[in-house]
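J.: All chains, full assembly: derive it from the sequences and hints.
Chains A and B are the protein sequences, given in the same order.
At position 115 of the first sequence the residue is numbered 449 (our numbering), and the sequence of numbers has no breaks.
At position 463 of the second sequence the residue is numbered 797 (our numbering), and the sequence of numbers has no breaks.
Among the clues, some could well be false.
You can't tell identical chains apart in this list, so a pair holds if it fits in one copy or across any two.
Dumping the calculated DSSO-like pairs for lysine-lysine here, alpha-carbon to alpha-carbon at most 27 Å [unchecked claim]:
| hint | residue 1 | residue 2 |
| --- | --- | --- |
| 1 | K410 | K375 |
| 2 | K639 | K496 |
| 3 | K494 | K723 |
| 4 | K373 | K592 |
| 5 | K393 | K410 |
| 6 | K394 | K583 |
| 7 | K486 | K422 |
| 8 | K351 | K401 |
| 9 | K430 | K596 |
| 10 | K373 | K824 |
| 11 | K494 | K729 |
| 12 | K486 | K555 |
The hints are simulated quantities; they were obtained by calculation from the structure and are not laboratory data.
Number of protein chains: 2
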Amino acid sequence: MRYDFKVKSIDISAQGKYIIAFHEDDAADLDVSRDDRIKVKFKRKEVTCTANITNTFVKKGQIGLFKEVKDVLNVKNGDIVKIEPVEKPESVRYIKKKIDGYELKEKEIHSIINDIMEDNLTDIETAAFITATSIRGMSDREIIALTRAIVKSGDTIRLKKKIVVDKHSIGGVPGNRTTLIIVPVIAAAGLTIAKTSSRSITSPAGTADTMEVLAPVALNKRQILETVRKCNACIVWGGAVSLAAADDKIIRIEHPLKIDSKPNLISSILAKKKAVGATHCLIDISVGHGAKVRTRKEAEDLARKFIRIGKQLGIKIHCIITPGFDPVGDAMGPALEAREILRLYEGKPANPEVLEKGLTMAGILLEMVGKAKKGKGYEMARGIFESGKAYKKLKQIIKAQGGDPNIKSDDINVGSYRYVLKAGRQGRIHYMNTAVLSTAARLAGAPHNKGAGIMLHVEKGDKIKRGQKILTVYAESRRKLEAAKQFLKKNSPIELTRIVLEEFDEDKGLIVYT
Amino acid sequence: MRYDFKVKSIDISAQGKYIIAFHEDDAADLDVSRDDRIKVKFKRKEVTCTANITNTFVKKGQIGLFKEVKDVLNVKNGDIVKIEPVEKPESVRYIKKKIDGYELKEKEIHSIINDIMEDNLTDIETAAFITATSIRGMSDREIIALTRAIVKSGDTIRLKKKIVVDKHSIGGVPGNRTTLIIVPVIAAAGLTIAKTSSRSITSPAGTADTMEVLAPVALNKRQILETVRKCNACIVWGGAVSLAAADDKIIRIEHPLKIDSKPNLISSILAKKKAVGATHCLIDISVGHGAKVRTRKEAEDLARKFIRIGKQLGIKIHCIITPGFDPVGDAMGPALEAREILRLYEGKPANPEVLEKGLTMAGILLEMVGKAKKGKGYEMARGIFESGKAYKKLKQIIKAQGGDPNIKSDDINVGSYRYVLKAGRQGRIHYMNTAVLSTAARLAGAPHNKGAGIMLHVEKGDKIKRGQKILTVYAESRRKLEAAKQFLKKNSPIELTRIVLEEFDEDKGLIVYT
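T.: Have a look at this one:
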């Protein structure tokens, strides 16, 4: 079957998707339903599209083409195109197989990832796949296949070094900027690390957002290779190079559902490590309310799985489980975090938490590759930091990425609109609500407005008095400062110690307070 | 937060969804991602929309409004609207809860169905819900709540009768037109039945498609009530009245994934029965390759569940399990099926299978409500049919729905383009491939072209000779006849008896042939 239709151009982008529209009579006649796949041909070009049905915009005999389709076929209004229904891609059968609880073969997983990359699957189909892997779980073999398929979906960076180290923090913890300590220390010790970081999705800043205050991070592959050649290291935004490209498409589905599929988490992380050729990798799993991993048990299972699967993929993995109940350090927001990091390098007063965590992790990496003896890694890392070698390395990286190596903490601009939140009553701080802090910092404009964010003036466990300063919100506009302020008036970022922690009720079951 | 944007009108329908588009700079500034929910306000009207991000179609400071949004707000190009980000609906948390394996409360299920009805959920979220219910299953309490929520989502028909009977065949079996026998027999016996049927989704015809050859089926609520008042019965298309409206939206997600979620199947069927006030219902569960239910065990579990849940909903349910390996009768396609049914009423030669199955089921219904003694139902049903009372009732229903009561089987137009498929070799027919038959009939134009379809000339078990007529394809155009013919040349609709049925292989495991 093949039929002719007259093009009605719809000059709107369909977000990168190939969408066409039929009149409902034609759709019935062709036996085409919404979301069916249709091949559209013009001259020697063809493209597989998803069908929409309408009775308002196109007439019988017309086919409405959104911008992407029009562009790829190079047609104009009134041209005649040929259409041909196509079968669903095979991968839809494999998705159904996963829903039904069967293990997928390597080539079936490759077929799914391939179709995700080529936009052959609808949101419905991709969401079903992600939901099914989240509920059914995946075997080690499946996760390995998924990781390899994700690596294959994108570009790779080949450093031609025998040892390439890497680190990853499983996120959700505000202020966790250890990368900006670890990478300079490790590289100053002579190790190679091509660190790709992410921008924030839900927190006040990702490492890429914070590093961007000091230097450009949207480097292409050639620039990354050049930076690593010069410095043995880089701290760049992974999104600018299409490493592990399928991962972004999977995250787009997971994110709105807040699905934290462990199989997808493992393959997402390891695919990025594999794509930069990492041979040794330290993974920091934070556990806590606000963090992605909620319990110690879950974290331990995850750690074991990372190590097993890493081994199969040729990456030596070491995991640490860290507390993820509270923010790391005092700063939240790109400029505020970058300023605190520089203060640590400059030897000025600052919360030492990020530094301590960073040196601990750098020490483990030094031990993993045999640079330091067992138990001597932290000492070596601290020595490198205190000698000024790490600071010199940071400046070298900033310069190689195109930033100003002489930038000082005092040069960093933070938001000039400020609001100080004070304690409404006295007590001891039981915990800091990281979700409230993150939302407030984002309402203030972080991470898009670099100078926006929050500085904490108290820590968990502190005894506070009524009227004591809890935090300062920074914003770049009065409007956004106001939004954060209103939010903080309704939602407390701190919980004081209480007598009752949990409560049961006949109707509702367990009511958890903390 | 609330901000002003200038309307850029996008004069295209977004398939009933409320879609808006922001420039990517505004999206970043507002911290809005694709698929986020945004409230748009103009004068005293407001509507919750889903955000798209673009950098080609709208400029900074503009908001692109698709037709549905423009219409509901009554704005024009250049008007200033206010926007306000809104939180995800609560039901997204309940979907996550189901993914995580927890039982949902009645009000949580109502909240999900409500948001599905109001288009507050994205395809991603709805697909995750359907996938999760399919994998996790649902408790009786959840299915009952889901059924009630689906009933509430649509209109209801109140017949003010003490007993209202109904029947449902769980489909996928071509030619299964028992409704056209059962309803007239039952109504002639003095029982009330307001039968709503569906159009076909994947088979050559649904009961509504076949009935439409004899009389209009797209009746509104008032017309249905009027028909039932006159005849004690009707045979209409359920889609024309919005009974159990949420069901259509759920099916739109299930269909492309071929998910047959048992909980959704049960609530979908019972919601429709509840919406017409059924007190007694016979459910016909076909088992076989081509049918929705594959094994006896599955069918038995389903039957028990139907009965349990029906009881809770106040519907007395009786289930029969029937073979669904082969088509019922010889005809596939609306006009061909309608012609065969009329031949049965007229007493002309025709395959008696549909009649036998219909009378058996009518007999069970007569026994269920006490019209016939135990074991005497079939006899009574046959008596009613043979006396001509059922035929009279059918004519009465056809007339009340607006059709010609004097229509004869010979008046029915069937496709004039025909192709006869002949046997390529001799043997005994092991089984008829219903999937191949359905696809061929649909390629020939069924159900949209009423006269298109297939007549079978052989049955399972028949010994056939090389060159013997297997079937005739009917079409209303040469092009469609050709499509069906080409398909049948590549895919055989019959399987002859063979020596080897299954085969094992070291690499691939079990290879199933039949």
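J.: Flag every earlier hint the structure violates by its number, smallest first.
T.: Failing hints: none at all.
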